[in-house]
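Each chain is listed here by its residues.
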Amino acid sequence: MKLSPDETIFWQHGFITINLTIATTWAIMLVLVVASLLITRKLKTGIHISRAQCILEMLVTGMNNQIKDIGLDKPEQYIGFIGTLFLFIVTANICIIFPWYEPPTGSLSTTVALAVSVFIAVPFFGIEKSGITGYLKSYIKPTVIMLPFNLISEITRTLALAVRLFGNIMSGGMIVAILLSITPFIFPIVMKVLGLLTGMVQAYIFSILATVYIAAAVREGKKKDKIKSITNNLKEVKNG
Amino acid sequence: MDNVTLIAVASIVTAGITTGIGCMMPAMGEGKSVSSALSSIAQQPDAAPTITRTLFVGLAMIESTAIYCFVVSMILIFANPFWNHIIAK
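Chains as they are written, first to last, in our numbering: chain P, 1132 to 1371; chain F, 1070 to 1158.
Please note that a few of the clues may not be correct.
To be verified - For lysine-lysine, the following DSSO-like pairs were computed, each having C-alpha atoms within a straight-line distance of at most 30 Å:
#1 P/Lys1175 <-> P/Lys1199
#2 P/Lys1323 <-> F/Lys1101
#3 P/Lys1199 <-> F/Lys1101
#4 P/Lys1359 <-> P/Lys1272
#5 P/Lys1272 <-> P/Lys1366
#6 P/Lys1359 <-> P/Lys1268
The set of hints was computed from the structure by calculation and includes no laboratory data.
Just chain P, same shape as in the assembly (with noise of 0.2 Å):
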């Protein structure tokens, strides 16, 4: 039994490999990106848009909002990296109705990319936002005893996001692959429809926590603003 698409090799080479989770992965990214650049090829402001100009009004508006209710005001510098993710995997994992597809998102190595990207924006954006002093300060608050425990939590926080996508995938393909062994006629179907919403679930979950981790690096220096924006008032105040 395959535990992930990584085992199905197409070409190898020293140590590069063209294995189909790659494969998949181009493809998906190609559909994506074509599918875009055709869309908003031709966009209209008028009251009669296209239905494909309509979808993804509806997908940018949804996920700006999911992003500021979270707690980041400007969500237009977060969708670009966010939305992604979020549109990547959603596309990966629905693609399981197409049969013979194997989703990229059950092989680890894919996982563990999505959640080093994460792991390297989280600073990214910190620092963009409150400068690298600001950033590494936010590492030991509100004590210093708490350093050792917040880095920790870097690390496991990522390997978290990349196993739970993982498992929940993996095992949704396992199960239905059991099942077809056991009950091949009816149950391997209701199986896949609840990986649909499996896959769904955990999209919005990981482009979520992801949107969580960058709002706590980016909370910290907004908090220092105010207070300088507080003092400075209080400054003017007092001057008259």
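Given the coordinates of chain P, assemble chain F onto it according to the supplied hints.
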């Protein structure tokens, strides 16, 4: 029992116990969180979107422990390093 049988028995029994306990406890935790979320939505329907979002994130956190147990038992059954070691010997 020789070593091969011992490793096989230990792996299979541990995989079963891991999935068993790892399904029971997160299921209880998820049931508790869903029931309290439902009762708070019934009390405050206006806060439903916030409660639902927090519930989903929390459920994912709880469920990931079950997923860890599942991954460990899958490793024990399909990709057991000890088994591979003793077979290769």
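Hints not upheld, ascending by number: none
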